[in-house]
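Asker: This is what each chain is made of:
Protein chains: 2
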Amino acid sequence: MRVVVALGGNALLERTERPDADIQERHVLRAVDALAPIARDHELVVTHGNGPQVGLLAAESEKDPDLEHPYPFDVLGAQTQGMIGYWLLQALENALPARGVATVLTQTLVDADDPAFGDPQKFVGPLYDEDTARRLSAARGWTVRPDEKGFRRVVASPEPRSIVEIAEVDALLAGGSVVVCAGGGGIPVVRRPDGRLAGVEAVIDKDLTAALLAEHVHADALVILTDVPAVEIDHGTPRARPIGRTTVAELRALSFAPGSMGPKVEAACRFVTATGGIAAIGQLGDAPGLLAGSAGTVVEPAGGGRR
Amino acid sequence: MRVVVALGGNALLERTERPDADIQERHVLRAVDALAPIARDHELVVTHGNGPQVGLLAAESEKDPDLEHPYPFDVLGAQTQGMIGYWLLQALENALPARGVATVLTQTLVDADDPAFGDPQKFVGPLYDEDTARRLSAARGWTVRPDEKGFRRVVASPEPRSIVEIAEVDALLAGGSVVVCAGGGGIPVVRRPDGRLAGVEAVIDKDLTAALLAEHVHADALVILTDVPAVEIDHGTPRARPIGRTTVAELRALSFAPGSMGPKVEAACRFVTATGGIAAIGQLGDAPGLLAGSAGTVVEPAGGGRR
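Residue numbers (this note's numbering), protein chains in the order written: chain X, 94 to 400; chain F, 94 to 400.
Don't take each hint at face value.
[Claimed, not checked] Calculated from the model, a selection of chain F residues having no Cβ within reach of chain X, i.e. all distances over 10 Å:
no.	residue
1	GLY102
2	PRO130
3	GLU136
4	ALA152
5	ASN187
6	LEU198
7	SER270
8	PRO322
9	GLU359
10	ALA385
[Claimed, not checked] Okay, derived cross-link-like pairs now, DMTMM-like style, lysine to aspartate or glutamate, Cα gap no bigger than 25 Å in a straight line:
no.	chain 1	residue 1	chain 2	residue 2
11	F	LYS156	X	ASP126
12	F	LYS156	X	GLU107
13	F	LYS215	X	GLU107
Quick caveat, the hints were computed from the structure, so don't treat them as lab data.
The beta-carbon is built from N, C-alpha and C at its ideal position, and this holds for glycine as well.
Produce the complete structure using the sequences and hints provided.
Answerer: Structure follows, in structure tokens:
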């Protein structure tokens, strides 16, 4: 089987933790311990979030006195693909000494006229008081919005359309390497009218990109790892209960929180619909069970999975 | 032919310029304009320095109030491979729309007992007054040394021994892709007694790594781009004159500045000695001439090049 696994950004750093390198490296080791058994039996692509990490680098860049303009989100995303991609690369190599591993930078193409650019909604970077937020908005052309505790910048979160370097990812997989790519949803780029690629200020949902990646490398399974054991019906209410094996039709009839489980469910449904493969959502420690259909929420095509 | 080109970190940012993203992207476009004709006729690997860029990120990390310890140089190096690797990737794709391009993160293995670790000499990060330097040295275990204008941290610059992901680089080249890798001399790692790879606080000379890379991918030519048209005999004196076609024996009989031309000459000599290929040192605008042997300093094996 060919398997794509998506690690949440919070799998590498919990909300309450300091973002120091040693702490994140410890999380990476734990994640790779859970993934190594999958890599022993299957072709494996690992992708990952970058929320806390890109937030840290954005805040640093913004305060850098040597810069006239802070680095844009395509550049910051590329930095996090380097950093997180390195940690995963080294940990995978250590866990799988007989196996090649490669971290490949990938850009995700989005539509220049995606409606998200006209109505940016994704909070990024540090918290400001209202005055500072208004000043930065005027000086830098940022869109700012009120968050729970103050004001923050928002950027567009457009739909991922394709992964520019998919052929290189595919070639490395075919050669037997484990591949790390598409971190943080991919470096966001558009194709300009003259045909050239150009970076944009955006953040792409990493689970939706993982679904696209899984479809385009012809994966048999997409495993989305998060910090809960399964998707729940009536989540957050006394009637909450986990969803086990399910179908796209069943999931599409329910609704999920747009900021958290929504994109994961959407990604799982898209992958299963597009390919007839299976998609699973659950927690890191259950990774082998998720793939075997014995843990978490497993989305199968109508009529059952290919396995 | 298979060609490895090494771009100086200063090719992407001049000493007097602001390190903003747009300025570096403009330099990348200019560099890629010079490299694209080579890629049209040959297999091409591009590597690059990261001095100004890793210095910027080190300074940001050090001032980050959310971090207990600033990110170490392996992690910062990985960030710069992501950032500079992205700019080169996109510019190469735009210049060569019919060609695959891949940026692959690579670690460079060094010896844990390299003598450089006992006597670190490479200046990194910002300038401090003596008191601050002594305090940071005590608090963080840094080695600090006086620079021209104050004190700076120094880290080891050990000898590159191998490139961990060389097989993946080779596979991508064989598949026809232009490959960007080994930026900043590679992410510095050692192999611990238990066999596991681990990052180290070091900075590896990018030209020496380029020579190793060129040898290990069985390149026919190594082109080292810098900001002068050729290596000079009696550089900085009234008798200075450029060296054109030369041999390893001729160059080894001369001496060059350790911080600038020395490593480039050493890298060229190592590559030619190890492989019998040719190595050239010169400026960006002369890239095709360097490869053809009609510009810059061209080091050929005794008895003439393979071409």
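Asker: Are the hints correct? Go through all of them and say.
Answerer: Tested hints:
1. GLY102: Answer for F/GLY102: holds, closest chain X Cβ roughly 15 Å.
2. PRO130: holds, 18 Å
3. GLU136: holds, 15 Å
4. ALA152: violated, 8 Å
5. ASN187: At about 4 Å from chain X, F/ASN187 fails to clear the 10 Å cut-off, so the statement is violated.
6. LEU198: violated, 4 Å
7. SER270: With a cut-off of 10 Å, F/SER270 comes too close to chain X, as the shortest Cβ separation is near 6 Å.
8. PRO322: holds, 30 Å
9. GLU359: holds, 27 Å
10. ALA385: It holds; F/ALA385 is separated from chain X by about 29 Å at its closest Cβ, greater than 10 Å.
11. F/LYS156 - X/ASP126: Outside the cut-off at roughly 33 Å; violated.
12. F/LYS156 - X/GLU107: holds, 22 Å
13. F/LYS215 - X/GLU107: Given that 25 Å is the threshold and the Cα spacing comes to 35 Å, the pair is violated.
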